[in-house]
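Asker: Here the protein sequences line up with chains A and B, keeping their order. Counting from 4, one number per residue, gives the positions in the first sequence under the working numbering. Counting from 202, one number per residue, gives the positions in the second sequence under the working numbering.
Please note: incorrect hints may appear among the correct ones.
[Said to hold, decoys possible] Here are the computed lysine-lysine pairs in the BS3-like style, where the Cα-Cα straight-line distance is at most 25 Å:
(1) A:Lys108 <-> B:Lys230
(2) A:Lys5 <-> A:Lys124
(3) A:Lys68 <-> A:Lys5
(4) A:Lys68 <-> B:Lys242
(5) B:Lys256 <-> A:Lys108
(6) B:Lys256 <-> A:Lys25
(7) A:Lys77 <-> B:Lys230
(8) A:Lys68 <-> B:Lys273
(9) A:Lys7 <-> B:Lys256
(10) B:Lys256 <-> A:Lys124
(11) A:Lys25 <-> B:Lys242
If you're looking for bench data, these hints aren't it; they were derived computationally from the structure.
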Amino acid sequence: MKIKTRDFGEISVSPDAIIRFKLPIYGFEQYTDFTLISDPNIGGSIVWLQSVQDPDLCFILVDPKLVSEEYSPKLSDDMEKLLRSKGINETEIWVIAVIPQEFRKSTVNLKSPIMIDMSSKSAAQIILDEDYPIRAPLLPAGKGRD
Amino acid sequence: MLILSRKPGQSFKINDNISITIVDISGDKVKIGIDAPKEMKVLRSELIDTMEQNKIAAVSVTDRQFLEMLAKPKQKP
């Protein structure tokens, strides 16, 4: 099927590339169907989470390893049941980036990652019990700063 | 801020219709029971914060140069 996107114009998406949110992205409860788009020039550590329902709705997701090597949140048993269909561990963990005009002030939400199970194509935004910052600087101190 | 001391099993009221009970304390976690009218929203503050961040994220600018720089941090000698 063809969908309109915010940053990539019209693209075609196969039905098995549609990701369904079992738990919503907080504040965007009415949007459940998304697809992941990557840009070959940028690589695999940043992806666009594009709504299939609304071309204007799109989030930039960042591989949390870009921000913190030690980041390894655990999926609770309940969440595992919710996301995994066949008990296969194919859960990808992404964090939502907030990129303002002054991009050096960009942050990522490490407290509430987006978990996507690639085998069942189920996803959820999960608020972790662990103490992670909601506004973690995307750029390490010094980098890209004056 | 008003600070109260309560033991597990004890409770207190806000107005006439909200009752808060300390259900259990173990380690660094406190279980709290809230009795309030259905129409009253009870949200964890990190959920509200996450919702706000999501709303800002959805209108973030896409600066490809910035994203490229971010994704390939240490490639140049």
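Asker: Against this structure, judge whether each hint is valid.
Answerer: Against the structure, the hints come out as follows:
1. This hinted pair does not check out: Lys108 (chain A) and Lys230 (chain B) have alpha carbons roughly 33 Å apart, beyond 25 Å.
2. With a C-alpha separation of about 19 Å, the suggested pair Lys5 (chain A) and Lys124 (chain A) falls inside the 25 Å cut-off, and the hint holds.
3. For a cut-off of 25 Å, the pair hint linking Lys68 (chain A) to Lys5 (chain A) is broken: about 32 Å separates their Cα positions.
4. The straight-line distance between the Cα atoms of Lys68 (chain A) and Lys242 (chain B) is roughly 35 Å, outside the 25 Å bound, and the hint therefore fails.
5. Of the supplied pair hints, the one linking Lys256 (chain B) and Lys108 (chain A) holds, its CA atoms being roughly 16 Å apart against a limit of 25 Å.
6. For the hint linking Lys256 (chain B) to Lys25 (chain A), the alpha-carbon distance of about 19 Å falls within 25 Å, and the restraint holds.
7. A hinted pair counts as satisfied when its Cα atoms are at most 25 Å apart, and Lys77 (chain A) with Lys230 (chain B) qualifies at roughly 18 Å.
8. Between the alpha carbons of Lys68 (chain A) and Lys273 (chain B) the distance comes to roughly 13 Å, so the proposed pair stays at or under 25 Å and holds.
9. Between Lys7 (chain A) and Lys256 (chain B), the direct Cα distance comes to roughly 21 Å. Compliance with the 25 Å bound is thereby established for this hinted pair.
10. Restraint check for Lys256 (chain B) and Lys124 (chain A): satisfied, since their Cα atoms lie roughly 24 Å apart, inside the 25 Å limit.
11. Distance restraint check for Lys25 (chain A) and Lys242 (chain B): the Cα-Cα separation of roughly 22 Å lies within the 25 Å cut-off, and the hinted pair is therefore satisfied.
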